[in-house]
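Take these sequences, add in the hints, and give me the full structure.
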Amino acid sequence: QQQVRQSPQSLTVWEGETAILNCSYENSAFDYFPWYQQFPGEGPALLISILSVSDKKEDGRFTIFFNKREKKLSLHIADSQPGDSATYFCAASRRGSALGRLHFGAGTQLIVIP
Amino acid sequence: EAAVTQSPRNKVAVTGGKVTLSCNQTNNHNNMYWYRQDTGHGLRLIHYSYGAGSTEKGDIPDGYKASRPSQENFSLILELATPSQTSVYFCASGDMGSSYEQYFGPGTRLTVL
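Note that the protein sequences, when read in sequence, are chains A and B. Quick note: the first sequence, position 3, residue 3 per my numbering, numbers continuous. Quick note: the second sequence, position 109, residue 109 per my numbering, numbers continuous.
Hint data in this document are derived by calculation from the structure and do not stem from the laboratory. Keep in mind that a hint or two might mislead.
[Claimed, not checked] Residues from chain B shown here face chain A by an in silico Cβ test under 7 Å; the list is partial:
1. 8
2. 41
3. 42
4. 51
5. 90
6. 101
[Said to hold, decoys possible] Derived DEER-like restraints, expressed as beta-carbon distance ranges:
7. A:51 x B:50: 22 to 32 Å
8. B:69 x A:67: 43 to 53 Å
9. A:76 x B:14: 41 to 51 Å
10. A:3 x B:39: 12 to 22 Å
11. B:62 x A:96: 20 to 30 Å
12. A:78 x B:40: 24 to 34 Å
13. A:51 x B:79: 18 to 28 Å
14. A:72 x B:40: 16 to 26 Å
15. A:15 x B:12: 30 to 40 Å
16. B:9 x A:69: 20 to 30 Å
17. B:59 x A:10: 17 to 27 Å
18. B:84 x A:8: 41 to 51 Å
Keep in mind the model is a prediction, meaning the values are calculated, not measured. We put the beta carbon where it would ideally sit given N, CA and C, even for glycine.
So this is what it looks like as structure tokens:
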């Protein structure tokens with residue numbers, strides 16, 4: 001069973017536009033939600049994360065909006081740049097777990113056209 | 001800076017052969033993880049470890065073994081490789097005591113013919 005779902009699978013935007021990547025999850029016990037960014041040929045790297053006690057987290061051009069009631073979150077990339085072209089993974093975890101395992105979505109491939 | 005390295009970066013194996021993928025981390029993290037990445041599936045957890053000498057099964061352990069001989073090293077072993085194991089494999093390390101971030105290696109592309 002897919003615990004974390006992402007949409008769309010692929011997204012193309014023009015440079016300067018805001019890209020919106022969506023994520024939903026099944027397990028209401030999840031309370032930590034990181035987004036990882038992956039460039040071709042590299043491993044994923046943490047981009048930004050949010051805890052379930054917050055409904056918004058900003059870091060420069062990247063903002064997470066979180067809706068606990070609906071078990072949904074989204075990553076907004078403002079003023080998209082060609083260098084933002086990458087695959088973005090939403091993940092979820094339960095912080096109380098000693099393992100700290102992450103459940104990953106299938107990813108959204110973002111293409112930013114100059 | 002956090003560092004996770006993997007070897008080899010690319011591997012071609014024959015069906016039925018034995019394959020060992022190696023991972024080394026210099027973060028002094030207790031936890032290490034092996035994932036495989038396939039289009040449409042994201043990252044799926046194969047095996048993980050809490051520390052030297054421990055290995056645990058993840059979500060898709062069938063056909064894989066793991067070994068954690070030291071804090072720094074974590075290996076993934078395919079005793080009898082099959083074409084369905086063709087994938088990109090990522091190792092990661094993390095320490096739940098300080099943060100929940102996992103640090104990933106650059107990946108190993110494995111092709112089983």
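Report task. Of all the hints given earlier, name the ones this structure violates by number, lowest first. Result -> Hints 1, 4, 13, 16 and 18 not satisfied by this model.
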